[in-house]
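Undergrad: Listed below are the residues making up each chain.
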Amino acid sequence: MTAPAGHAVPAQAPWTPSPVQRERDAYRRARARRSTLAALVSTVALTAVVVLGVRAAPGWPRVQASFLDPEVALASLPRVLEGLWLNVRVMAVCAVVIVVVALGLALARTLHGPVFLPLRLLATAYVDVFRGLPLILVLLLVGFGVPGLRLQGVPTSAVVLGGVALVLTYSAYVAEVFRAGIESVHPSQVAAARSLGLTRGQTLRHVVLPQAVRRVVPPLLNDLVSLSKDSGLISILGAVDAVRAAQIATATHANFTPYVVAGVLFVLLTIPLTRLTDVLARRSGWLGAQSGLAGAGALR
Amino acid sequence: MTGALDTPLLAVRDVRKSFGEHVVLDGLSLDVHAHRVVVLIGASGSGKSTLLRCVDLLEDVDDGVIELEGRDITDPRLDADAVRARMGMVFQSYNLFPHLRVLDNVTLAPRLVHRTARRQAQDEAMAVLERVGLADKARAFPDELSGGQQQRVAIARALVGRPAVLLLDEVTSALDPELVGEVLDLLGELKDTGLTMLLATHEMAFARDVADEVCFLHAGRVHERGPAAQVLGDPLEARTREFVRRFTA
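Read top to bottom, the protein sequences are chains A and B.
One point on numbering: in numbering that gives the first Met the number 0, the residue at position 29 of the first sequence is 28, and numbering is uninterrupted.
One point on numbering: in numbering that gives the first Met the number 0, the residue at position 129 of the second sequence is 128, and numbering is uninterrupted.
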């Protein structure tokens, strides 16, 4: 009764858990230990079954020799790594361009009024077309069609054209992610901003977009992970990326191990991105309205 | 405490709950006897909602014991879902499921939790909707109803499982003033049927009408408790007096 009104009792208050609570905590700890142990045992058992099963297969020695040769792996690693560096650079540049183009497309699609009809239609048509076209077709059409025009000043490098194709396709996807984010911001937010005298543009820039972007960060990172893998497709235009380097090494050594090496490197590249997605999604405040509410945690 | 007659239906003993550094319930104790209506009053942040959420096991207590019908429901060995099914909870902002019609909102728990056949669940739901005066809205979606109607549906949804106790968390705070009356009238009728209720409210006049006992929460404890007329009309504690004066002025 001594605490002042409206103030929390300091955490250093002389509170020690009661015997009931200590017993409860002990039970919960024991239960957590049991579940961890069960998960561990089942994981090890499953892994053992799979490994032993594969190794017992009649063709295993030959598969091991042609896909998992350590010497070939080591020999091909430098070239494949060099190729992967190209993937990383393509991905980084494309990601920036994609975000800018996609945001433009998303904004164009949310514009109101008859003046903007052509812009809105154009953006809609663009998204429809490039979401529908398989990426590999866009790559082939851009990669072989654009140089065929023999226009002055238009790049013919496989890397640049491959990057353009990635941007064309991914912008359409990412634009839809942004648009979903923009439309998920409650109309009352716009009403509040406009009631303060902010213009439509100011409302979009300072109220709607900040909330929309925060909400779509996890799906955006998902698309970034996807992009990092699809950057390997530029190899079909002849760019020497990780996939192409692995292909060359495979031919050189008459052994498929370099493909496995490239695969492992791609996984290692995307794991940090995937973890980052999880962390951002979990961090409160980034998921928008839901995460900070009472009862947002798990119920027993 | 063991005598069958005077065992409270709901007993809260020395419950403590903190969020990070912020201690919301600091050893709070409270009894609710069967067929009684206990009203929680107190400033915002005094722990009314947290107490109700702890009782409904929507929050785990940090310490202390909550007994329902003589059984410790804070025991982690207990099936919390089964315990929650024994209680009804009504929230400040209704929390109806917007994708389900009124009837389906009410029959969801009977069908999934109590495994009632669809036809029987619908009959029971219609009876409860009748009781809250909304049988004609059974096919409507929540967003087609007024706030007061939505809250009455939420009460029907909580009642349909025949809960041992109904928990109500400031159920009129989100309503337009002209809609408050219909919800409070309904709660008055429910009291007359002998339903046990623990409710948090800022409506002092309503508390005076409906409460068998009023508890004033302050600093995470029950600061003062007693019959409504006494706590609201002639409080013993200075802090209660100040709070009641501010709210009835």
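No lab work stands behind these hints, which were simulated from the structure alone.
From a predicted model like this one, the values you see are computed outputs, not experimental measurements.
A hint or two may mislead.
Derived DEER-like restraints, expressed as beta-carbon distance ranges [to be verified]:
id: 1; chain 1: A; residue 1: Pro16; chain 2: B; residue 2: Asp5; range: 49 to 57 Å
id: 2; chain 1: A; residue 1: Arg274; chain 2: B; residue 2: Gln229; range: 41 to 49 Å
id: 3; chain 1: A; residue 1: Gly196; chain 2: B; residue 2: Asp135; range: 27 to 35 Å
id: 4; chain 1: A; residue 1: Pro13; chain 2: B; residue 2: Ala228; range: 35 to 43 Å
id: 5; chain 1: A; residue 1: Gln201; chain 2: B; residue 2: Gly44; range: 13 to 21 Å
id: 6; chain 1: A; residue 1: Arg21; chain 2: B; residue 2: Met125; range: 17 to 25 Å
id: 7; chain 1: B; residue 1: Gly44; chain 2: A; residue 2: Leu80; range: 42 to 50 Å
id: 8; chain 1: B; residue 1: Asp135; chain 2: A; residue 2: Pro271; range: 28 to 36 Å
id: 9; chain 1: B; residue 1: Asp5; chain 2: A; residue 2: Ser194; range: 36 to 44 Å
id: 10; chain 1: A; residue 1: Pro13; chain 2: B; residue 2: Ala173; range: 53 to 61 Å
id: 11; chain 1: B; residue 1: Gly69; chain 2: A; residue 2: Arg193; range: 55 to 63 Å
id: 12; chain 1: B; residue 1: Arg245; chain 2: A; residue 2: Gly196; range: 31 to 39 Å
id: 13; chain 1: A; residue 1: Arg204; chain 2: B; residue 2: Phe18; range: 51 to 59 Å
No residue lacks a Cβ here, since even glycine has one placed at the ideal position from N, Cα and C.
Undergrad: Hint by hint, which ones does the structure fall short of?
TA: When the structure is compared with the hints, numbers 1, 2, 3, 5, 6, 7, 8, 9, 10 and 13 turn out to be violated.
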